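Given these sequences and hints, build the entire structure.
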Amino acid sequence: IWDVPKDATAVRLLVGRIPQAIPTVTYTTPITSKELTDLAEGTYYFHVRLRNAEGWGGVSHFRFQIDTEKPTRFEIAEVERKDQTDPRAKFIFDAKDETSGIDHYEIQIDNESSQVWRDDGGHRYETPALGPGSYILIAKAVDKAGNSLANSAEFVIEALEPPTITDYPRELASGEILSIKGKTKYPDIQVNIFLQHEKDEIKSYSVKSDNSGKFTFIAEDRLSSGIYTAWAEVVDERGARSEPSEKVTIAVERPAFLRVGSWVVGFLSVVVPLIALVLLLVYLAWYWWHKFATMRKRVKKEIREAEHALHKAFDLLKETIREQIKMLEKTRNKRELTEEEEKVIKQLKKDLDDAEKFVRKEIEDIEREAK
Numbered sequence: 071i072w073d074v075p076k077d078a079t080a081v082r083l084l085v086g087r088i089p090q091a092i093p094t095v096t097y098t099t100p101i102t103s104k105e106l107t108d109l110a111e112g113t114y115y116f117h118v119r120l121r122n123a124e125g126w127g128g129v130s131h132f133r134f135q136i137d138t139e140k141p142t143r144f145e146i147a148e149v150e151r152k153d154q155t156d157p158r159a160k161f162i163f164d165a166k167d168e169t170s171g172i173d174h175y176e177i178q179i180d181n182e183s184s185q186v187w188r189d190d191g192g193h194r195y196e197t198p199a200l201g202p203g204s205y206i207l208i209a210k211a212v213d214k215a216g217n218s219l220a221n222s223a224e225f226v227i228e229a230l231e232p233p234t235i236t237d238y239p240r241e242l243a244s245g246e247i248l249s250i251k252g253k254t255k256y257p258d259i260q261v262n263i264f265l266q267h268e269k270d271e272i273k274s275y276s277v278k279s280d281n282s283g284k285f286t287f288i289a290e291d292r293l294s295s296g297i298y299t300a301w302a303e304v305v306d307e308r309g310a311r312s313e314p315s316e317k318v319t320i321a322v323e324r325p326a327f328l329r330v331g332s333w334v335v336g337f338l339s340v341v342v343p344l345i346a347l348v349l350l351l352v353y354l355a356w357y358w359w360h361k362f363a364t365m366r367k368r369v370k371k372e373i374r375e376a377e378h379a380l381h382k383a384f385d386l387l388k389e390t391i392r393e394q395i396k397m398l399e400k401t402r403n404k405r406e407l408t409e410e411e412e413k414v415i416k417q418l419k420k421d422l423d424d425a426e427k428f429v430r431k432e433i434e435d436i437e438r439e440a441k
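Counting in the working numbering, the sequence shown runs from 71 upward without gaps.
Everything labelled a hint here was simulated from the structure, so no lab data went into it. Here the structure is a predicted model, which means the values were calculated and not measured. Using N, Cα and C, we set each Cβ at its ideal position, and we do this for glycine too.
Quick list of in silico lysine to aspartate or glutamate cross-link-like pairs, DMTMM-like style, CA-CA up to 25 Å: (1) Lys-416 x Asp-385; (2) Lys-210 x Asp-164; (3) Lys-416 x Glu-406; (4) Lys-273 x Glu-313; (5) Lys-269 x Glu-241; (6) Lys-317 x Glu-231; (7) Lys-255 x Glu-316; (8) Lys-160 x Asp-173; (9) Lys-419 x Glu-399.
Restraint ranges, calculated between C-beta atoms of paired labels, are given here: (10) Lys-431 x Lys-370: 16 to 24 Å; (11) Gly-216 x Arg-151: 32 to 40 Å; (12) Ser-204 x Ser-184: 14 to 22 Å; (13) Ile-272 x Glu-145: 40 to 48 Å; (14) Ile-345 x Lys-431: 50 to 58 Å; (15) Lys-400 x Ala-425: 20 to 28 Å; (16) Trp-359 x Ile-391: 41 to 49 Å; (17) Lys-166 x Asp-258: 45 to 53 Å; (18) Glu-316 x Lys-214: 53 to 61 Å; (19) Lys-400 x His-360: 53 to 61 Å.
Printed below as a string of structure tokens:
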């Protein structure tokens with residue numbers, strides 16, 4: 071693809087392997103692009119010549135390459151390190167592409183994102199500072215046509231010796247200042263102190279060891295109550311690191327008066343609801359007893375009223391029956407009663423006695439139940 075001046079009236083093109091050839095294929099309508107197919111791998115030259123009203127101009131030559139093959143060789147060799155704790159590993163990249171040449175490298179360490187690295191001619195690649203551990207370097211040599219060849223290499227960064235925490239308070243009152251002491255084999259080295267409160271975010275602090283490798287950390291902030299975990303690591307001027315030291319645990323407690331206060335609050339939080347429940351039960355018992363006593367009193371009153379009414383009704387009935395008996399007895403004085411009338415008198419007396427006994431018994435039962 072190319073640009074054609076507005077006054078151009080024709081164009082001549084040619085593709086070949088000769089660097090300074092003269093184009094011979096003429097297009098009377100100037101074209102701005104040309105698709106080339108079925109070209110073998112190798113170096114080619116594209117020649118262009120334009121014509122306007124003044125005639126044919128000079129010839130322009132463009133070099134290009136056809137490359138569909140990946141690089142022919144890519145070898146990786148680690149440069150030997152005298153100190154395996156050096157956090158930066160170095161590698162020699164030896165790659166070759168016969169057709170278009172190597173353009174750049176794409177490098178990835180373990181699962182990190184790949185980075186583009188261009189060789190300055192020394193063929194030596196150096197990793198960024200890495201922590202201690204085993205790594206895999208994966209690299210791709212990419213030629214100028216975009217073809218690539220991959221290779222990998224394993225390497226190890228050894229750790230510095232970890233520091234040791236020698237002095238720390240296992241228990242600390244809330245509000246007191248935390249002090250941690252330790253030692254390392256390295257003088258004048260950076261010591262990172264890590265402090266974590268239970269499951270909170272880890273906080274880190276840095277101090278320097280003295281000429282003998284001893285270090286002291288004093289927390290700037292006063293610690294709140296809870297369980298703390300502390301550990302340390304060392305980092306030298308190269309960026310080399312140690313493994314973490316053994317972790318230590320520090321229990322920070324609240325002052326005694328606060329602990330007593332919280333105990334009282336906890337105790338009251340249990341006792342107060344319990345007392346309230348007991349009072350509620352007492353009130354309910356009194357309420358139902360009072361209601362039952364009131365109802366019992368009302369029942370006794372109604373029983374007495376019923377007893378009085380029963381006495382009154384029975385007295386009226388008894389009086390009526392006696393009147394009937396008297397009437398029959400007066401008749402006896404005037405004349406002799408018939409056999410049927412004598413039976414009626416006897417039956418009335420008997421029924422009256424039976425009824426009086428039954429009523430008396432029922433009244434006694436009612437009075438006994440009402441007590």
